[in-house]
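A.B. asks: Sequence:
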Amino acid sequence: MAEPQAESEPLLGGARGGGGDWPAGLTTYRSIQVGPGAAARWDLCIDQAVVFIEDAIQYRSINHRVDASSMWLYRRYYSNVCQRTLSFTIFLILFLAFIETPSSLTSTADVRYRTAPWEPPCGLTESVEVLCLLVFAADLSVKGYLFGWAHFQKNLWLLGYLVVLVVSLVDWTVSLSLMCHEPLRIRRLLRPFFLLQNSSMMKKTLKCIRWSLPEMASVGLLLAIHLCLFTMFGMLLFAGGKQDDGQDRERLTYFQNLPESLTSLLVLLTTANNPDVMIPAYSKNRAYAIFFIVFTVIGSLFLMNLLTAIIYSQFRGYLMKSLQTSLFRRRLGTRAAFEVLSSMVGEGGAFPQAVGVKPQNLLQVLQKVQLDSSHKQAMMEKVRSYGSVLLSAEEFQKLFNELDRSVVKEHPPRPEYQSPFLQSAQFLFGHYYFDYLGNLIALANLVSICVFLVLDADVLPAERDDFILGVSSELSTCQGQGTRAFPCLLPVGLLGSSHPEAGDAGPAVAVGHDPHAEHAHRVPLPAYHPQHEADGRGGQYRPGPGAEHACVWRDPGGGLLRICHHWDQLV
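All letters in the sequence shown, in the order written, are residues 1 to 571 by UniProt numbering.
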């Protein structure tokens, strides 16, 4: 709690002659009146305030250079383009493990059908790797310049970054000098460090694990003693006696010697619902179940839960401390921006003795800050509500509470119609019951597809007829105008005529309501298909090889197309 208490001290102690921890270059705030031009001084203050506010938004430290050139480089480094490029470089260098020899990038994982993997020539992956290492070297150089040598020496992650880069470059040079035939590549073991170093969440996780190790080690020692003690008891109980029948031999498989017994009990302790270890002994004597019950109760229900509670407690405590640090960084960044902007108030002469921030200056800063549009708009509207009144430090801090509020997106308002018919239609089709109807139709469509798939489960995919399946899956999406006149029959005709394969499907059969086919529509049928051939039941047909399995015929009285499968069921 030492860091949050430091906020009550004067934040500009280092800038005003004190010894506070303040960014290098910030001492020019009160001496900013002396310079080559007022415009340059104004732009410098605006840029400093923008950088500090962005640091507060992203919970970054403000202990970095704040001169004009450094701030330009700082904003470019933390821009979306640079950060995405760095993330892609990390992904690329980690992806090389799938391509480099020995590679596992094959079409199948079955060793019986796996072909020889592609082996890249020497120098291909090394060229990609050296480009990634150069990007990492540039990243390290920029960080070292922006944060200073003093901070670089204290940061273990940056020092480790430097060591990993040097070792990787040396190992890469050795690899090329040996024409890619070196027995060991050390740099492959160090590649995950680039991901850890660039992820703040991974750093926090590792730090929390490091803090949890002492208490976890104590419980781990209890687990080890528990395992060793019950291993000796198990060997004394189950390893003695005659070993003639197969049941005893199976029992000795798990308690034959010390390593086997220890491994068996470790599997029983860490694996849920594993009866293989206890069933052979239980089959010999039911009283042996007491041993396994006591072992499971002490190990799984007590010691393992104690270990879980310790891990949860440590992570919860570290999470609270991490949140405190993040909030402290946000308040420190916003206070630094307030001090910068308040130093600009007396330049115009309107408020020579006032302390605060002009809303106009803050609006100019917010326009340059990289922030999502919704939060930026809310903050700018709140700043405009102050008019020309100076913002105090407390009001300035409360303004950034808008960043913690979530944005709720609302549905756009419905259009208003004057026609009673349109109003009724809007009420009917806009009701949530209509959504339930659509979901019901989609569910029925899915069920019908599953039914047809089950019925054709014994048919080979090459011989399967998916005509009915395609019609059933497309009925709910048909929007043709002909459905108004013939709502029962025309969807099938429209779907058949508009199907992508209808042009090459073969002959067409007329579908209508009267014998003269005045309102007939034509449905294309695949030529010579076994399930789409007719058997001459009084209609137009083409004899095919599968006449005993399927038929297509038209009723002379009604002009209705009928499709029958081999079980003579009307569809």
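Simulated from the structure, these hints should not be mistaken for lab results. Note that the structure is predicted; figures quoted are calculated from it, not measured. C-beta atoms are modelled at their ideal positions from N, C-alpha and C, and glycine is treated no differently. Hints are supplied without guarantee of correctness; some may be wrong.
[What the hints assert, rightly or not] For each label pair, taking beta carbons as the anchor points, the in silico distance ranges come out as:
#	residue 1	residue 2	range
1	S388	P420	51 to 59 angstroms
2	S283	G220	13 to 21 angstroms
3	I225	T106	42 to 50 angstroms
A.B. asks: Could you check the hint for me, namely that I225 and T106 are 42 to 50 angstroms apart, CB to CB?
C.D. replies: Given a distance of about 46 angstroms, which is inside 42 to 50 angstroms, the answer is holds.
A.B. asks: Do the Cβ positions of S283 and G220 conform to the proposed distance bound of 13 to 21 angstroms?
C.D. replies: 33 angstroms, violated
A.B. asks: Using the C-beta atoms of S388 and P420, is the stated range 51 to 59 angstroms upheld?
C.D. replies: Because 53 angstroms falls inside the window, the suggested range holds.
In summary, the one numbered hint that this structure violates is 2.
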